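2 protein chains.
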Amino acid sequence: MALKLRRNRAPEPPEACPLSECMSLLGGAWTPNIIWYLSAGPRRFGELRHDIPAISAKVLTGRLRDLEAKGVLWRRVMPTSPPSVEYGLTDLGTEFQPAIAAIVAIGHKIKQRQAAHGQSDDMAMPAS
Amino acid sequence: MALKLRRNRAPEPPEACPLSECMSLLGGAWTPNIIWYLSAGPRRFGELRHDIPAISAKVLTGRLRDLEAKGVLWRRVMPTSPPSVEYGLTDLGTEFQPAIAAIVAIGHKIKQRQAAHGQSDDMAMPAS
DNA sequence: CTGTATCCAATAGGATACTG
DNA sequence: CAGTATCCTATTGGATACAG
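The listed protein sequences derive, respectively, from chains A and B. For the record, in the first sequence the residue sitting at position 5 is 5 according to UniProt numbering, with numbers rising by one throughout. For the record, in the second sequence the residue sitting at position 104 is 104 according to UniProt numbering, with numbers rising by one throughout.
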């Protein structure tokens with residue numbers, strides 16, 4: 001009686017939140033996209049720029065360097081006449097694919113809901 | 001085909017990148033944590049603040065309002081003498097759990113690798 | 001207890017120009 | 001082609017104070 005149902009306690013806490021740690025890995029807004037486009041195999045810098053037109057060279061370079069430093073992807077310089085560089089997922093990088101696939105799946109569902117419900121009850125107002 | 005293997009073309013592109021859309025949903029650094037802590041059931045504002053001490057009231061409120069507007073969670077005001085508010089995942093919100101679980105799993109693996117390989121080449125952090 | 005408002009610092013990210 | 005450097009703006013997030 002002293003303690004009625006204490007609604008519910010914290011779920012198994014993510015022990016010191018590896019969540020936050022991992023999120024810092026794909027913290028960049030474009031990071032998941034980069035990993036996604038590398039999931040089918042190595043790609044060159046220019047190809048990635050073409051894959052993700054909205055990303056700037058600076059940001060792409062930054063994310064690439066960052067992910068390389070964290071062991072998510074590797075960087076290989078091809079000694080060709082016009083220098084070309086290839087990036088690819090490491091073993092660790094491939095680990096992200098399930099998570100990204102899950103995120104993509106959610107994105108699809110959200111789109112479906114928005115298309116189905118229309119935007120009658122939410123997001124219709126440019127909050128001022 | 002005269003053109004040798006064109007390394008590989010873009011993988012099935014995330015059609016206009018729902019990835020980015022979804023990432024904008026959990027764009028906030030704390031969003032995954034909030035969803036995580038709500039995954040076991042509804043919780044009150046103060047409980048969430050206690051769950052995630054590093055988050056400020058402003059940010060928590062902001063993420064909460066944002067997720068509510070997007071239909072990820074619901075907000076229920078309890079008409080008690082000291083006003084209390086409960087938040088819980090909606091059906092849509094529960095969809096995020098697999099993705100977050102996958103992210104948490106990666107976080108664990110990264111930690112293991114850091115502990116196993118030591119800090120020989122990167123991230124030289126004395127774990128303990 | 002549950003927020004909200006204001007101020008402020010840090011950072012991400014875009015545009016452009018330039019180099020190897 | 002593959003970056004790098006610089007500048008600039010927008011956004012995020014924290015601290016504090018205050019309100020219902």
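FYI, nobody ran anything at the bench for these hints, they're computed from the structure. Don't take every hint at face value.
No copy labels: a pair is met if it fits in one copy or bridges any two.
As the list claims (entries may be wrong) - Derived pair list, reagent style DSSO-like, types lysine-lysine, alpha-carbon separation capped at 27 Å:
| # | residue 1 | residue 2 |
| --- | --- | --- |
| 1 | K58 | K109 |
| 2 | K70 | K58 |
| 3 | K70 | K109 |
| 4 | K111 | K70 |
Nothing here was measured: the structure is a model prediction, and the numbers come from that model.
Which holds for K70 with K109 at a C-alpha limit of 27 Å: within a copy, between copies, both or neither?
Intra 31 Å, inter 13 Å, cutoff 27 Å: inter-copy only.
Point to revise | Within, between, both or neither: K70, K58 at alpha-carbon 27 Å | key: within (18 Å within a copy, 31 Å between copies)
- Tell me, please, which holds for K111 and K70 at an alpha-carbon limit of 27 Å: within, between, both or neither? between (32 Å within a copy, 12 Å between copies)
Exercise for the section: State whether the alpha carbon distance between K58 and K109 is at most 27 Å within one copy, between copies, both, or neither. Expected result: neither (32 Å within a copy, 29 Å between copies)
Hint 1 from the earlier list is the only one contradicted by this structure; the remaining hints agree with it.
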